[in-house]
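Assemble the whole structure, with the sequences as input and the hints as a guide.
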Amino acid sequence: MKLEITGINHTYDVDVLKDLNFSLDNHNSIAIIGVSGSGKSTLLRLMSGLEKPTSGTIKINDLSVDNPEYKKHVGFVFQQHNLFPHLSLKRNITLILEKTRNKPKEEAEETAMKYLKLLHLEDQVNKLPKNVSGGQAQRASIARALSVDPEIIFLDEPTASLDPILTHEVLTAVEELKGLGKSFIFVTHVLSFVKDFADYVIYMHEGKIHECGIPDILENPKTNELNEFMKKVR
Amino acid sequence: MVSNSLSLNKLKTIISYIAAIMTVIAFMVFVALRQTDDFSFEPFFPYRNVILNGIKNTIFVSIISLLGSMVLGFILYLLQKSKIKYFNALIDVFTEIIYGTPLLVLIIVTAFLIGPAFNSYNRNLFGVLALIIYMSPYMKNVYKAAFSSISHDQYLAMDLFGFTSFQRYFYIIIPQVIRILMPPLMNNFSLIIKGSALLNLLSYPELFFTIDVAQSRNFAYVEGYILMWGLYLLITIPLSQFTKYIERKLSL
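As they're listed, the protein sequences go chains A and B.
So the first sequence is residues 1 to 234, counted in the numbering used here.
So the second sequence is residues 1 to 252, counted in the numbering used here.
Bear in mind the hints are in silico, worked out from the structure with no lab data behind them.
No incorrect hints appear here.
A few chain B residues that don't get close to chain A, going by computed Cβ distances all over 10 Å:
hint, residue
1, Tyr17
2, Ser120
3, Ser240
Straight-line distance between alpha carbons at most 16 Å, and here's what the computed EDC-like set of lysine to aspartate or glutamate pairs gives:
hint, chain 1, residue 1, chain 2, residue 2
4, A, Lys52, B, Asp153
5, A, Lys195, A, Asp216
6, A, Lys99, B, Asp159
7, A, Lys130, B, Glu247
8, A, Lys71, B, Asp159
9, A, Lys103, A, Asp149
10, A, Lys195, A, Glu176
11, A, Lys72, B, Asp159
12, A, Lys52, B, Asp159
13, A, Lys59, A, Asp25
We treat Cβ as the ideally placed atom computed from N, Cα and C, and that holds for glycine.
Put into structure tokens, the structure is as follows:
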């Protein structure tokens, strides 16, 4: 995956991201870490095209994220599963495939079952999101993101609302997806998952990319801030 | 063991409810027998068709009012969301006035003042209109709650997957809104049924009015009031039970 970030500024009420310039090539699993309010979720949302930056451009695999074509290559997993609550786990996927990807019913059904099985949900497919556990709903949401066959999957703290056991369950499921040939960009607080799954780490601090590199930087931080962060998280 | 104590609990609940209902009935029997020696609904037998008609009229007028207030409530909801400040202010003022007005007063003002001002002496029409107007701000709130319950993230997801505007409403927003809308809508229906009793004031032949007329001929006042009360409960209690059932069934 090729990533180019040029002159990104983003402001809500305060500056969240300040003059971000960054480029990266040949990494397929990028973790973004940092304390709350460091701008990591915002950066993820901008890269996914979910939100538009106040100024600046982002290109991923040579495609600008504000190009309408870009959204077709992207899957997004939200903090809370964000499944459509009135549809069964399976219908959450088939509706999207039938209506927005114009797939025939049978094919949509087949694809949905394939990804739900991949995330070990074959026994839950006809249940509503409210009737499954938080971990199962989050896995269904990952299956939904995969079902449109995106190149890149964004995960925004996918386990933030889950207890440690469900967190482990979801993250193990994500690790199993390594072989699918997809790229992942994710925000998480679970450092063991970063070490196991990421091949590149971005540490955000006060709206800037403060330190970045292969996951080894977590063992030997160069900056004081990352050092402090690692001490606190441990 | 667990299932035993569960069913015991259930049994206790059922017995408690039976006891509670018996208490209320005992009280009513006491009240009735204090004022009449030969309590009987028989004097109302000749009027059964009139009363049945009254029930039909009550239900008919309530359904019309429900539908009317759903439409007017939706218009109010749209005007409140409008970017034109005047409309927002108008809805605010209207809502405050309706909240502050007793239904009885609204019916009188609508049928005896507003109607004639437009050269209409069709009191029934303006009576129903008063019910519709009275309920519309409550309906507006129902819409507001239902639409705002769809989270921002859901809209982002629809955006990301590339749903068209029509698809968003048809497959995702409206099905959810209807589920959220149903229970409060049916509570409002119950409010309308109860409120429609006030239309007797305009001599509209609904349930209250028909029994009132029968009473003035057979002089069975005690039985009449109890019959009237019972018949309203016969409509509203099944409705509220059904609402609870729907609420459980449709909740998201």
